[in-house]
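Residue numbers (the working numbering), protein chains in the order written: chain U, 1 to 471; chain Z, 1 to 192.
If you're looking for bench data, these hints aren't it; they were derived computationally from the structure.
Possibly wrong hints are sitting among the right ones.
[As the list claims (entries may be wrong)] No farther apart than 35 Å at their CA atoms in a straight line, the calculated lysine-lysine pairs in the DSBU-like style are these:
| id | chain 1 | residue 1 | chain 2 | residue 2 |
| --- | --- | --- | --- | --- |
| 1 | U | Lys-325 | Z | Lys-64 |
| 2 | Z | Lys-50 | Z | Lys-64 |
| 3 | Z | Lys-50 | Z | Lys-66 |
| 4 | U | Lys-250 | Z | Lys-31 |
| 5 | Z | Lys-31 | U | Lys-325 |
All of these numbers come straight from a predicted model, not from anything done at the bench.
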Amino acid sequence: MKGRTLFQKVWEAHVVRPETVDAPAVLYVDLHLVHEVTSPQAFDVLRERGLPVRRPERTVATMDHSIPTTPGAARFAIADAQAAAQVRRLEQNCAEFGIELHGLDSQHQGIVHVIGPELGLTQPGRTIVCGDSHTSTHGAFGALAFGIGTSEVAHVLATQCVLQRRPRTLEVRVDGRLRPGVTAKDLILAVIARVGVGGGAGHVIEFTGSAVRALSMEQRMTVCNMSIEAGARAGMIAPDDTTFEYLSKKPRAPKGADWDKAVARWRALSTEEGATYDRSVAIDGSALEPMVTYGTNPGMALPVGSRVPDPAEVPDSAARASLEKALRYMDLRPGQPLVGQRVDVVFIGSCTNSRIEDLRSAASVMRGRKVAPGVRVLVVPGSQRVKQDAELEGLDRIFTAAGAEWREPGCSMCIAMNGDQLAPGQYAVSTSNRNFEGRQGKGGRTFLASPLTAAATAVTGRIADARELLR
Amino acid sequence: MEPVRRIVSRTVVLPQRDVDTDQIIPARYLKVTQRAGLSDALFADWRYDKDGRERPDFPLNQPKTKGAQVLVAGDNFGCGSSREHAPWALRDFGFRAVVSSSIADIFRSNALKNGLVPVVVDRDAHERLLATPGIEVTIDLETRTLSTEGMRVSFPLDPFARHCLMNGVDELGYLLAQSNAIAEYEEDACAR
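With the sequences and hints as input, model every part of the structure.
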């Protein structure tokens, strides 16, 4: 018999009703994560129809998108009336329907994709959904995790299931050893540049290969987080000793004899010899460079030492028009080097790069240095736990001594819903996941990069190759 | 949900490819707790100038496109976030179908739940539609065809999605009817 892939095993274990020509599969959801922005209308559906939440214990909520990240007590006083109403609504909905909520006063509050793993809720083999496209993050544990819309949030609340056609599989194999100064963020930006922003549509990516196996859990989360930026439904990495070591210390992970049973089950999830993928892409990890985007989607990325591409050299007319539009928005000249481009703001945070290792990485560059004059630097930890750990290690003092802002956890300037935003025309290097027009504030211009590159840019005021500073 | 069987309308063309959900509705408009009334936020950063006036050169602002129910867009429409506010805003503005050469997964799924028909056509048909803004098209769900003068192309539409659209069935009702199967699954999963 042909072997099965990791995806196939997780999918098949959750099929309540198999798909037919006439109907999609009914797929069971083990864990549902909820935040304030995409859930209010879903709870309204339950109320309109008089439905209860089928399995309240399988849903966990937090607030992250629209909350202030202002340090101190100010974060509780939400000045924006709409945002305040949204946050209050989540509190009311969770109370009414009996859902665990990590609100602003909780020691576990944080970005939904940061707290799931750190609580140990994210486990191998689980199906995990959330009304947020970066739910793909949780695939780093060998879970099948994907973003859903608000209608589906209501479906999961009411039935603990979603309707899904089975996606195809895409193997992204990265072998070799990443060179010093090249990070998980650079790896995934290189993958998206290769596959394209729509190239993964209809597929679940499984990341394989020695370069992927060598990544820590937090680095794997960075990789899977941005699977959606290649258009993929989800990204997955088979669980291994790195996964089990990470989970063994987490509060909600199984304990004692249950732990041993769970590990045995999780070990059996890996893709088997002889299993095949619908498509495969291979990338040489040892050839990767630090990457930075130059355009208005995450696929427009190049090694940091490159020059801005020239639309005149792009043969396809739609691609040429897209590049021209992007360069107009970014106000960049074809042929200009990326290194040396002046920036106004550096943002270190988001569900892509706000975990403790990301902050250590940024601090390794900023230690003993000063933020360049005229540059605003925001460091936004992903969760209260990350913030606390960073403060115990003294990372906060490295950032503040350099002249950066050390803020409270939240999505912050990744999505610019909470007042943390670029002014029109400003340039930012950001460790987040989207450089779409206006993503970080109307008229703002984003260069996506790793925490290392962001920190190097913070202290030089210009896009920099962090390797020069680390020597 | 209101059944959709046939849409006859002029088109509005947005030729850009990779139009992401942050363009369809910028994040600052997501602080609402209802789904209605988002049409003003649709394509807000492309539609209005810095003083909030409509830009005359933006396709949705041209008088001849008023009332059009079919949006023809470049490749990979709706990429990015999972915000269902994107199809809510398109529907609230009056669109009933989006036509492209490819449509991003989460957006397509969200569109189907709101009576917004995702129509994926082949490259040739797509290029012709992009090149002729404002032509009248007929989108027929029964035959799964898009036709206009001198052209008739079929488009894929999942049989289940088509059934739901044509009969105004919402998926939650279908899922609720599976509650016995779901309970059995839960019992089995506990026993494992």
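Hints, one by one, checked against the model:
{"no.": "1", "hint": "U:Lys-325 - Z:Lys-64", "verdict": "holds (25 Å)"}
{"no.": "2", "hint": "Z:Lys-50 - Z:Lys-64", "verdict": "holds (24 Å)"}
{"no.": "3", "hint": "Z:Lys-50 - Z:Lys-66", "verdict": "holds (22 Å)"}
{"no.": "4", "hint": "U:Lys-250 - Z:Lys-31", "verdict": "holds (33 Å)"}
{"no.": "5", "hint": "Z:Lys-31 - U:Lys-325", "verdict": "holds (29 Å)"}
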